[in-house]
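Going line by line, the protein sequences match chains B, V, S and L. My numbering applies: residue 1 is where the first sequence begins, and numbers increase by one. My numbering applies: residue 1 is where the second sequence begins, and numbers increase by one. My numbering applies: residue 1 is where the third sequence begins, and numbers increase by one. My numbering applies: residue 1 is where the fourth sequence begins, and numbers increase by one.
Among the hints, erroneous ones may be present.
Some, not all, of what chain B presents toward chain S, calculated at C-beta under 10 Å [said to hold, decoys possible]:
#1 I11
#2 L14
#3 R15
#4 F29
#5 A89
#6 V115
#7 L117
#8 W120
#9 N134
Since the hints were derived computationally from the structure, they do not count as laboratory data. Idealized CB from N, CA, C, for every residue including glycine.
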Amino acid sequence: MFEISENDIAIDALREQMKDPGAGGYCVFEGRVRNENEGRMVERLEYEVYEPLAVKEGERVLEEAQQRFPYLLAFCVHRSGLLEIGDCAVWVGVAAAHRDEAFQACRYIIDEIKVRLPVWKKEHYAGGDSGWVNCERCASVLRQSKDQNGKGS
Amino acid sequence: MFEISENDIAIDALREQMKDPGAGGYCVFEGRVRNENEGRMVERLEYEVYEPLAVKEGERVLEEAQQRFPYLLAFCVHRSGLLEIGDCAVWVGVAAAHRDEAFQACRYIIDEIKVRLPVWKKEHYAGGDSGWVNCERCASVLRQSKDQNGKGS
Amino acid sequence: MKTITVRYFAIFREHAGVDEETLSLDVTSAMDVFERTRARHGSSEPTGHCKVAINDEMAEWSSGVNDGDTVLLFPPVAGG
Amino acid sequence: MKTITVRYFAIFREHAGVDEETLSLDVTSAMDVFERTRARHGSSEPTGHCKVAINDEMAEWSSGVNDGDTVLLFPPVAGG
Numbered sequence: 001m002f003e004i005s006e007n008d009i010a011i012d013a014l015r016e017q018m019k020d021p022g023a024g025g026y027c028v029f030e031g032r033v034r035n036e037n038e039g040r041m042v043e044r045l046e047y048e049v050y051e052p053l054a055v056k057e058g059e060r061v062l063e064e065a066q067q068r069f070p071y072l073l074a075f076c077v078h079r080s081g082l083l084e085i086g087d088c089a090v091w092v093g094v095a096a097a098h099r100d101e102a103f104q105a106c107r108y109i110i111d112e113i114k115v116r117l118p119v120w121k122k123e124h125y126a127g128g129d130s131g132w133v134n135c136e137r138c139a140s141v142l143r144q145s146k147d148q149n150g151k152g153s
Numbered sequence: 001m002f003e004i005s006e007n008d009i010a011i012d013a014l015r016e017q018m019k020d021p022g023a024g025g026y027c028v029f030e031g032r033v034r035n036e037n038e039g040r041m042v043e044r045l046e047y048e049v050y051e052p053l054a055v056k057e058g059e060r061v062l063e064e065a066q067q068r069f070p071y072l073l074a075f076c077v078h079r080s081g082l083l084e085i086g087d088c089a090v091w092v093g094v095a096a097a098h099r100d101e102a103f104q105a106c107r108y109i110i111d112e113i114k115v116r117l118p119v120w121k122k123e124h125y126a127g128g129d130s131g132w133v134n135c136e137r138c139a140s141v142l143r144q145s146k147d148q149n150g151k152g153s
Numbered sequence: 001m002k003t004i005t006v007r008y009f010a011i012f013r014e015h016a017g018v019d020e021e022t023l024s025l026d027v028t029s030a031m032d033v034f035e036r037t038r039a040r041h042g043s044s045e046p047t048g049h050c051k052v053a054i055n056d057e058m059a060e061w062s063s064g065v066n067d068g069d070t071v072l073l074f075p076p077v078a079g080g
Numbered sequence: 001m002k003t004i005t006v007r008y009f010a011i012f013r014e015h016a017g018v019d020e021e022t023l024s025l026d027v028t029s030a031m032d033v034f035e036r037t038r039a040r041h042g043s044s045e046p047t048g049h050c051k052v053a054i055n056d057e058m059a060e061w062s063s064g065v066n067d068g069d070t071v072l073l074f075p076p077v078a079g080g
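With the rest of the complex left out, here is chain B (with noise of 0.2 Å):
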């Protein structure tokens, strides 16, 4: 089951449905918001998710990840909206008969999601200003743009 979530994810309660008696192996992945990033002091952060596909996304790398390393149970949570420090963005869990299985199923779905779905990440910065992760490229090239072209178009 994938979810995105406006709100702290609840993690207790998510632990107790990762419950199953032929369950050896559990494993779980929490991404946290760190306070610094390539160099820069980061004072929080800001996720847009664009949920229809985000949810369609999100299910289909789980079915990925139960054909490759077929596990019990397994659910992931990612956050939208606005993040402190420290704050969970991301929770997997995946419970498997073997602890194999749920430490690869668990990589699998943290390093797809981190990918293929719709999610962008702004950082805001210690000196006020913000910036898109893995979008600096675009947005130099836009500034080229728009010297070239005036207030583009």
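Given chain B's structure and the hints, the job is docking chains V, S and L onto it.
Using the frame of chain B, we list chains V, S and L on its own:
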């Protein structure tokens, strides 16, 4: 930090300790008692731990993981005594700057813990009998030896 | 001419100054839509890490667009 | 002869019927101790997955033992 616990592992308290503003990735593994092992129905489990050496070797494993996959925080707790199906037998948590170190350190720790610590697991089966995991070959050697030598001297 | 609704996300939305707009465009593919709106979304590298969806389904840049379609333009993603 | 305290764990303890015992043994190495107590701990494969410690430090089967040492005999482990 490595600990042996005679009581339920206090997972919520452990999680509270795994906070660091520089941590972007946090990986947890829980080994749980499952209801089946190698085709036999398991009803409960008993861990015997030789604590002085288990703690020493556990601490060593955490240090090795730190050398290989530098992390910010890592804790590991292993149970001793009687456990029921679904109980947490071992808990490993690693907080690191990025997810790769978190996953790899966590996996290294559980893999080493399982094979190096003086910890023994006795499974109690549905039929009422029991067996020490990994020791059946030793036991069969003993039985032959006792058959040959009478009551084993 | 086709009536196409274009939706912008994240940095594209900030550059466009609108969430979405409905335009009359002489276009065949999703790529054509991206190029026609380049001045708004501010990117000149569609074949890079940007993505596109048509009517809430992920699509290819070569996918065809029909009259009345909604085209979603996604700048490089950064989940997790 | 050396006075050696031998401690048994898990299946070895069950077989020996005691946690530990102090014996007078004519031994040089940890391996010698293992072999002299074979009838008690019930295993004939010391070089397999069994382990040994001397005075609470992990040791090799070839490690020497001294008068007064405590030798800990560990059957195959199964953590986690």
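Next on the checklist: Does the closest beta carbon of chain S sit nearer than 10 Å to the beta carbon of B/I11?
Outcome noted: It is violated, given that the least Cβ distance between B/I11 and chain S is near 16 Å, above 10 Å.
Item to check | Closest C-beta approach of B/W120 to chain S relative to 10 Å, hint status | outcome: holds (4 Å)
Next on the checklist: Checking hints one by one. Is B/R15 an interface residue toward chain S, by the C-beta closer than 10 Å rule?
Outcome noted: violated (19 Å)
Item to check | Restraint outcome when B/L117 is required to lie within 10 Å of chain S by C-beta distance | outcome: Constraint on B/L117 satisfied, holds at 5 Å.
Item to check | Restraint satisfaction for B/N134 [CB to CB of chain S, less than 10 Å] | outcome: With Cβ-Cβ at 4 Å, under 10 Å, it holds.
Checklist entry - Minimum Cβ distance from B/L14 to chain S below 10 Å? => result violated (16 Å)
Next on the checklist: Let's test the interface hint: is any C-beta of chain S closer than 10 Å to that of B/V115?
Outcome noted: holds (7 Å)
Checklist entry - Can B/A89 be said to touch chain S, with a Cβ gap under 10 Å? => result OK, holds: B/A89 within 10 Å of chain S, min 6 Å.
Checklist entry - Minimum Cβ distance from B/F29 to chain S below 10 Å? => result holds (9 Å)
Checked against the numbered hints given earlier, this structure breaks hints 1, 2 and 3; the rest are met.
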